[in-house]
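Chemist: For chain A, the structure is supplied; the task is to place chain B on it using the hints.
Going down the list, the protein sequences come from chains A and B.
Positions 42 to 602 (our numbering) are the ones given, in order, by the first sequence.
Positions 398 to 761 (our numbering) are the ones given, in order, by the second sequence.
I should point out that these hints are in silico values taken from the structure, not numbers from a laboratory.
Be aware that a few hints might be false.
Claimed, not checked - Per the computed footprint, the stretches of chain A lying under chain B, defined by three or more beta-carbons under 8 Å from a beta-carbon of chain B, are:
(1) 227-238
(2) 241-255
(3) 391-404
Said to hold, decoys possible - If the Cβ cut is set under 7 Å, some of the chain B residues that face chain A in the computed set are:
(4) Phe452
(5) Pro472
(6) Ala476
(7) Phe481
(8) Ile502
(9) Phe639
(10) Val645
Glycine included, each C-beta is placed from N, C-alpha and C at the ideal position.
Below, each chain spelled out in residue letters.
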Amino acid sequence: MAVRAVTLGEGLGERLRALANAYLMSALALVMISALLVFLVYPVVLVLYKSFEGDSGLTLRNYARFFSTPYYYRSLTNSLILATTTTLLTVAIGFGFAYMVTRGPRLIRMPFRLVALLPLVAPPYIFGIALIILGGRRGLFNQVFGTDLSLYGWPGVIFAQVVSFLPLCYLMIENVLTSLDQNLEDSASDLGAGQVQVLRTVTLPLIAPGLLRASLLVFILSIADFANPALLGGRLPFLAPDAFLMVVGAEYNLRMAAVLCVFLVVPSIVIFLVHHYCLAGKTYTTITGRSGAVEARRMTRLLQVPFTLLCVVMCGAILLPFGVVLMGAFTELVGINNALTLDHFKTSMGIRSVMTSLQVAIYAGVLTAIFGVLLAYVLVRGRVPGRSIVEFLALSGFAIPGTVVGIGYILAFNQPPIYLTGTLWIIVFSMVFRYMPVALEAGISKLAQIDISIEEASADLGASFLTTFRRVVLPLMITAFMAGLVYTFMTSMISLSAVIFLVSPGLDLASVYIFQLAQAGHLGIASAISVQMIGVVFLCLTVLWVIARRTGFRVIGTGKA
Amino acid sequence: MPEGPLLQFTGLVKRYGNVTAVDGVSAAISQGELVSFVGPSGCGKTTLLRMLGGFIRPDSGRIVLEGTDITAEPPNRRATAMVFQNYALFPHMYVADNIGYALRIRRRPRAEVARRVEELLRVVRLEGLGSRRPDQLSGGQQQRVALARALSLHPKVLLLDEPLSNLDANLRIMMRAEIKRLQRELQLTVVYVTHDQEEAMTISDRIAVMRAGRIQQVGTPSEIYERPATEFIAQFVGVVNFLEGEVVASGEAGAATVRTALGPLALRKSLAPLAAGDRVRLVIRPEAIRLAPPEEIAGPNRVLGKVESAMYTGALVRYGVDAGGSGLTVDLPDPRHARTYGEGDRVTLILPPDAHVLLSDEAT
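Okay, chain B solo, but in the shape it has when bound:
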């Protein structure tokens, strides 16, 4: 096997009239990796996936699979397999015939087809359902059939287009684990498209966040969550507080003091090299802020605030806190074992010294 990425695409562009659906997207995906493309609807992620599958021909750019340029190859000559959002099971065929379709098209011996179908039914845990019609199966079962059918030819890359969006919430979480299990067990290389950031976070080795036809950031789930490259990403992958500020002093290893509306904030380290005078925007997740009684105000990065709202969700309490005119969202995890506050209570906010910093000029 050649070194380097299994699947690589560079500068992919697709225009529809004067709308650019995909605007110069490049990425490389390694063998055995699950990479998600997430973004709001209309960001071009499905168009991108359909280009990888061969259903849409890019206006420019190249797709290379195992060192071979497949940009111009039709879907039936690519070693990719797609699971469609609506599964696209053939309604006029039994489940077994659906799964064995690709093998029959290739005129494999009947016994081999039957054996492989049995094997695949076992892999997706649908033993004994081969003689059903697709419309006799539940949504989750149909999803499994679609997966089995896509896996029948041992594709080099599995393409999943919003595979869980037609399932209800609990089933979605189950199938998510199932897909991850299959991917691990069979060492699958998967390109996964979803609009659900949580789904992407839990399932992916790496995530590419797309917006308006471009990739804004590629990284592991924790990189994307903790160190989002842009304000858009920070908001897309979770609830976030932004604090505007100006660097007033910078020290060693990225340490800095930032003047904000809440007062001066000491940062222990930041990824970006900061200099005095830089305009910055701090990204602070709600669970990174801690609350303390108002009398514990002494100490660094502490400010007084007043609880404006408290929302109990079971796993956490989400507070809206007003601090000197700025509204902050604060999550208090495991409320059973922590001191909770009510609306109108005065509190001390303890801001983290390791907030992620965006320079203002890149914060779009």
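Bound-form chain A, shown alone:
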């Protein structure tokens, strides 16, 4: 602590300033906690309430109906089976990529990494669209080979999910693998272990906590996923799409939708709790005394052949859909009329919806980053009572499936006192409070690295709280800010599950529009808008990347998902 020389007059001024700072901090905390309660907790509680609502008072009848109707409870078991399968496959493949990129021959590192990250720029359902074009009942594959295979159902959904969730999973595992002290593996090999033995006895046990973390993330994403099961699920019931149909479809049943939502939320929250309380701090990966001369080891065939094979096949599986969607965008009807055309780009609805998405994503990105970083600051420095509860609430936004948020927002903001339905802001808010955890966590961990004495030094020199925050804290936290912004921007651009409930005529988002087109079978136009969307995301990323390059801030890869 800095020792301050206090004379009487000075002391009074300083105490006043300290008081003002404390008030400012408290006011800030109050505003943000209220916002969290209104836009995150309240909607979810409403959904929960709805699930117990009967014609007269609270009841368990909705749950009884859920468990006595096979179609309903099968959506739960199906979703769980899907999430488990997707998780196992994604983590295995993610590990394969991460291992090759961090330990494999230098030549292949960059290309494998780029391909593994490529799905980040694409709306996840383009893999669905590509699959329909390729393997649908009238798809390219069946046209060419005269077969009658169907990708609808398990294989299609699982494939699309694995590809969609691979980038985040890969990034997490790569991060763990690079922060693993290379000397440990070297040491094992020095003691006589072959590469397979090193992998089995040292590498895998040491990154196990990281693998578990990645698994939990993929599980949450998979169970909450709406687009892929909706597009490719065929007749299979899954929680998220079924809940959607019960809200907007012919079988209107808001209470049963709420019950499905509860089953969507519960596994995610359980996993979130496990992650938050059991895994916190469990890690072996601290870099200590990293030696300068770490270089690629010659990989044994035993590892190189299967890993390379896996990666090459997956690269194909990732690149092919991009190619197919590109093709779909520029041909009349793939497989039936392969004439090149620009017709699919002619609809003005397409580019207008992309621009709306862009607008929403920018608003959401900036707001989320500001909110997340500010909240991090207030929580860490402000000594807010009940900090851990607030932090937990804020972070839990990540674990709440979009479908639940969407239905909750309909329930919450369709009437006074807060009437937001039909506005842009209901969409923006739904994103801000779901995606804020990334900015918040980045902010908290950054603040933990910033010594409070830097701030005290500034305050000592006579700077007010606001000046200190603006001149000292913000520049130091800009990486956390950017991480939150980029993550929210990219996720918002392609997000579907919550906003599909919240769009209104004249306020079409590209993701929703593409989804509706794909469902209706207008694959050409869906592909064309997807291509425009990928283009826009790519362009924005390039701009951000150039800014990052110029200013020296790391943008991509700083945040955690």
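Modeler: Chain B in isolation, oriented as in the chain A frame:
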């Protein structure tokens, strides 16, 4: 056992981009010998060690262990064992499992592994700590575990990479003695890398001083200290005074008279054959110069000077003395039993007749 060195490497080169980390290094190490590679950071000593361990493949050169070329062998097929700077203990295994790792990998019977682990724990004086986790041990204890683990397979050569740099000063001196004891008792052949010249001096049978990827000199600690081959080495292994001069007369058995800024200096002998006219640089350690009161100026190799600074360190007083415009550092050992001087005092400097001589053209 074949005659000749146990470990021999010749012409080792490693480049990273256009930086040459190791630039043609050769050396031979005998059974039971402890050889240190010292040098400032970036001199290539760690890269060299990692090449010996098999972690880095040299761009050219050969490594021969007991007559067998092991240059292309991976670490797990070499009879070398490395102790890493940060110990690299497996954090997910108990101490005993760390030490027994190599034996378990080789599928030795469980009883044998247990017996050997006990034995090794005793050797490094860690009896009873086998069931701890590495992070429950102090730095010195972790170091001992790392040593025990490296010794578990009776390696032909033990490679130590800055093994003491993570310990605090007192512990470092203790572990230094411990490593020396183990090396003597177990007849270990050790390649020891450090940036600490004092550590190297006290522990080594021989020292190789490296700079910019090359070995500048190999020799016993006293050779390196007393007869450094280059100015760089002279400075690296201790405090030193350099005196420029020109040989004006040379006599038998290397005797010579050198004209310096302080006046003529008589040398009794020098290693290099000197001829009149040679430009030389004299290497004079601070403890080789003696001080006397100014009235004792009569005699050979004596010059008058004035004390500019005096620094008391306990074991010695270090003086900065100005002699006719040249600043000299002079150490006076055991100040309790010697006459000391204060700043501003006039003194007589008695320069040694056996100063080490570097020829100017090799003095780089």
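Chemist: With a cut-off of 7 Å, does the beta carbon of Val645 of chain B approach a beta carbon of chain A closely enough for the hint to hold?
Modeler: Constraint on Val645 of chain B not satisfied, violated at 49 Å.
Chemist: Please check whether Ile502 of chain B passes as an interface residue: C-beta within 7 Å of a C-beta belonging to chain A.
Modeler: holds, 5 Å
Chemist: Tell me if Ala476 of chain B is really an interface residue toward chain A, meaning its C-beta lies closer than 7 Å to one of theirs.
Modeler: Violated. Min distance 10 Å.
Chemist: Interface hint check: Phe452 of chain B, Cβ to nearest Cβ on chain A, cutoff 7 Å. Holds or violated?
Modeler: Hint holds; Phe452 of chain B Cβ to chain A Cβ min 5 Å, cut 7 Å.
Chemist: Count the residues of the stretch 241-255 of chain A with a beta-carbon closer than 8 Å to any beta-carbon of chain B: does the count reach three?
Modeler: Holds, because 4 residues of the stretch 241-255 of chain A bring their Cβ atoms closer than 8 Å to Cβ atoms of chain B.
Chemist: Holds or violated: the stretch 391-404 of chain A covered by chain B, criterion of 3 or more residues with Cβ-Cβ distance under 8 Å?
Modeler: violated (count 0)
Chemist: For the restraint on Phe481 of chain B, tell me whether the closest CB of chain A is nearer than 7 Å.
Modeler: Interface hint status for Phe481 of chain B: holds (5 Å vs cutoff 7 Å).
Chemist: When the nearest CB of chain A is found for Pro472 of chain B, is that gap smaller than 7 Å?
Modeler: OK, holds: Pro472 of chain B within 7 Å of chain A, min 5 Å.
Chemist: Given Phe639 of chain B as an interface hint, is its Cβ closer than 7 Å to any Cβ of chain A?
Modeler: violated, 33 Å
Chemist: For the stretch 227-238 of chain A, do three or more residues have a beta carbon lying closer than 8 Å to a beta carbon of chain B?
Modeler: holds (count 10)
Checked against the numbered hints given earlier, the structure breaks hints 3, 6, 9 and 10 and satisfies all the rest.
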